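Trainee: Read off the chains here:
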Amino acid sequence: MLRDHKAMFGRKRNGQKIVKPTLEGLCSLLEVPAGQIFKIAEIRGGQGLHRRLLALGFHPGDLVTLDNEAIMNGPVLVRNLTSDTRIGLGRGIAQKIMVETVTGDER
Amino acid sequence: MSDRAPVIVFIGQPNCGKSTLFNSIAGYKAQTSNFPGTTVTHVHSEVLWNRKVYSIVDLPGTYSLSPHEPQEKVVLTHIFKEKPDLIVNVIDASLLSRSLELTLELLELEYPMVVVLNMMDLARKKGMTIKVEELEKKLGVPVVKTVATRGLGTDVLMEAIEKALRLSARPDAPRFSREVEKRIKDLMDILPEDFPLVANQRFTAIKAIEGETLAVDKFISGPDRAFKSELDRLRQEVSALRDAPAYEVISVERHHLALKIFEDCCRVTHSKVSAIDKLDNLIMDPVLGYFFMLVIFAGMFYLIFKVGSPLETWLLKPWEAIRLSIENNLGHSLLAELLVGLVQGIGGGLAIVFPYFIPLLFLIGFLEDVGYLARASFLLDAFMHRLGLHGKSVPMFILGFGCNVPAIMATRILESRRDRIVTALLIPFIPCAARTTIILALVAFLLGPWWALGFYFFNIFLIAILALILKKWFKYDSPGLILEIPSLKVPSLKSIWQKIYFNLKEFVRFAWPILIGGSILLSFLSYVQFDRLINAILSPLVSGLLGLPQSLGVTLIFGFLRKELSLLMMFQALGVGYGQLLSVITKTQLLTFVAFVSFFIPCLSTLSIIWKELGKKVAMMSAALNLSVAVVVSWLIRLVASLF
Ligand SMILES: Nc1nc2c(ncn2[C@@H]2O[C@H](COP(=O)(O)OP(=O)(O)OP(=O)(O)O)[C@@H](O)[C@H]2O)c(=O)[nH]1
Ligand SMILES: [Mg+2]
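From first to last, the protein sequence lines stand for chains A and B. Counting from 1, position 99 in the first sequence corresponds to residue 99 in this note's numbering; the numbering is continuous, with no gaps. Heads up: take any position in the second sequence, counting from 1, add 1000, and you land on this note's numbering.
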């Protein structure tokens, strides 16, 4: 798991070879480029985490974008466009939020 | 309700301005800052308005009624055990749609309620126009607009509260979709007679479906099997509606309801990127952000020193003159000694503490209100994880620079006890305002600013090392960070001033008298030569281990009360004025002493708050840890100095 996301991190740095999530494919918040808009498809992970995120206003269907990504395996900064809030999420947690691309008119 | 003052609780999501609103009604009593999770316990006040007494309670913020963090549970206790007469639901109007989710959940309680749209200034700046009448109609409760920092709208709020209490109208709970409503109704119908109701039948049923562990669980695990299997079936049916857990289905329904209300009641005319947003992007930049952080903290240090040191020189002069004239006129009589003690106590407080104390409080208050604490937490999270901690501990460390006591209180927002203990063990190593004052007033003033800065950096480095050591001790499994980053706000000078005033009052009322009293007591002890006994007892430590003049021993006793006492009393114990200090002790001795006093034990108030919050064992552990660190560090300073 750990090696996996390190590889992802590296790939992102060396050139823009990010695999964009396909229409039906899901992608975790860790894998998407900053600045683009995505839709939350699913929140994985235990009930505690799940409910916490719901309470903070992060629901499936919400539009989100990564504001930026801290270096050194730090947390990521996620902006929820639907409720206009921002939260910092540790990498382990961001990894459990699955997003999908949005079609033009959903914005 | 007629003989008892009606109880009104302020409930809202974190950082919506509950405490600021509370303060503007009840006078400054609750801490405020632009960080979600500032209030960790309830604060209560009796308020007289229109010849009637109201009992108002400020509570910690909570995102929902399914609490996650320890301080959020306080809210539930208040709702269900204390049974308030009225709920005042405070909302950050600039985050209306998200905040309404909690409002909808509160409406399910069917308690009398008033909704407050606070931070209307920010909402307006965002281009939001909120139709209040429309919102009142949708929610079925009165809605009031306020700007708490400027005290706007508080009168209207009090009127609304009075009226709501008089009418005591209970709102109707919001309705979910038909499918969900059907299941709620089904469950309400089969709730057994003796089922422990929370608030009302409907609320209980919803919480049971959500799988909330209020009073429900005990009952469910009880003998009524038929009920349990029925509940399971209903839960599964709800769950099947969206192919998600039942609690998510209900939460999503509230979310959609909130969005709908938001769209109907609020128009957003423009949403342009403001200058503040641009600044925010710079501060939070993954690379530049760290540079800014360094600049901010170094700048703070520089500013305090630049303001403090000329002021200190200027303020010290008259007291020094008075001291000399007493000594010239009265010689070494008891009266003279006592007077000198008095003068040094007063002068020490004024000239040494004030020039640094106030600027430091100002800057920390500024950082708090701007919203930098949450940003620093975010930026330092990765680093803190390496030290076996959590980004969420960062605000406590920054608060610790003001005073260790509230910093230790603030550890309540950490979910795991392990994190709380480790953070609370580390906080006493943070140089608080009083200790910073000493470092600046003695080290920077006498040895130069670079020495003080060096000492400071060493101090922070030491904390990192200790964290690593503690990580070995306490198994590390911190959960990842989940922290809302509030918007940057232009701080209100009034709010910062209130914070300074609050701390200053504490100092003048509590610490300064001790300082003066202690100073006089020390004069007396040395006049009757009792201090020699204490010094003799402490001599192996003071002169043997630390290589300091024996006469400093007695100051350590005072240092336990407050750190600055030992350093200020140093002059008296050595029998010299401020300017002549370096003629009786060497620079190394000064540094050794400052280091030892800084660390040797958490001050009395810090130790008692650790005891109170985390128990005797942790308090003892803290004392032992501090003492060992103090001995090692002072010994190291001596060792290094002897090499040169
Ligand atoms: N611009 C503006 N700022 C406000 C207003 N009300 C509060 N603030 C600021 O918002 C921040 C949060 O206020 P608090 O009163 O601490 O919020 P709280 O709801 O008590 O927060 P928690 O205790 O963490 O739940 C502070 O920095 C306040 O100065 C307002 O009406 N307008
Ligand atoms: Mg508060």
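In case anyone wonders, no lab produced these hints; they're calculated from the structure. Treat the numbers as computed from the prediction; the structure is a model and nothing was measured. Please note: incorrect hints may appear among the correct ones.
To be verified - One-sided excerpt, in silico: chain B residues whose CB lies under 8 angstroms from chain A:
| hint | residue |
| --- | --- |
| 1 | T1077 |
| 2 | E1101 |
| 3 | L1104 |
| 4 | S1251 |
| 5 | D1381 |
| 6 | G1480 |
What the hints assert, rightly or not - Keeping only pairs whose Cα atoms sit at most 30 angstroms apart, straight-line, the calculated DSBU-like set for lysine-lysine is:
| hint | chain 1 | residue 1 | chain 2 | residue 2 |
| --- | --- | --- | --- | --- |
| 7 | B | K1278 | B | K1083 |
| 8 | B | K1073 | A | K96 |
| 9 | B | K1278 | B | K1494 |
| 10 | A | K39 | B | K1163 |
| 11 | B | K1472 | B | K1489 |
| 12 | B | K1126 | A | K39 |
| 13 | B | K1073 | B | K1125 |
| 14 | B | K1029 | B | K1616 |
| 15 | B | K1228 | B | K1145 |
| 16 | B | K1081 | B | K1138 |
| 17 | B | K1616 | B | K1073 |
| 18 | B | K1125 | B | K1260 |
| 19 | B | K1138 | B | K1185 |
| 20 | B | K1126 | B | K1587 |
| 21 | B | K1471 | A | K96 |
| 22 | B | K1125 | A | K39 |
| 23 | A | K96 | B | K1138 |
| 24 | B | K1185 | B | K1228 |
| 25 | B | K1145 | B | K1083 |
| 26 | B | K1081 | B | K1131 |
| 27 | B | K1081 | B | K1489 |
| 28 | B | K1125 | B | K1494 |
| 29 | B | K1494 | A | K39 |
| 30 | A | K96 | B | K1260 |
| 31 | B | K1029 | B | K1081 |
| 32 | B | K1306 | B | K1475 |
| 33 | A | K39 | B | K1260 |
| 34 | A | K96 | A | K39 |
| 35 | B | K1616 | B | K1260 |
| 36 | B | K1138 | A | K39 |
| 37 | B | K1505 | B | K1306 |
| 38 | A | K96 | B | K1185 |
| 39 | B | K1125 | B | K1471 |
Even for Gly, the Cβ is constructed at its ideal location relative to N, Cα and C.
Trainee: Going back to the hint list, which numbers does this structure go against?
Mentor: Of the numbered hints, 1, 3, 7, 10, 11, 13, 15, 20, 23, 26, 27, 29, 32, 35, 38, 39 do not hold.
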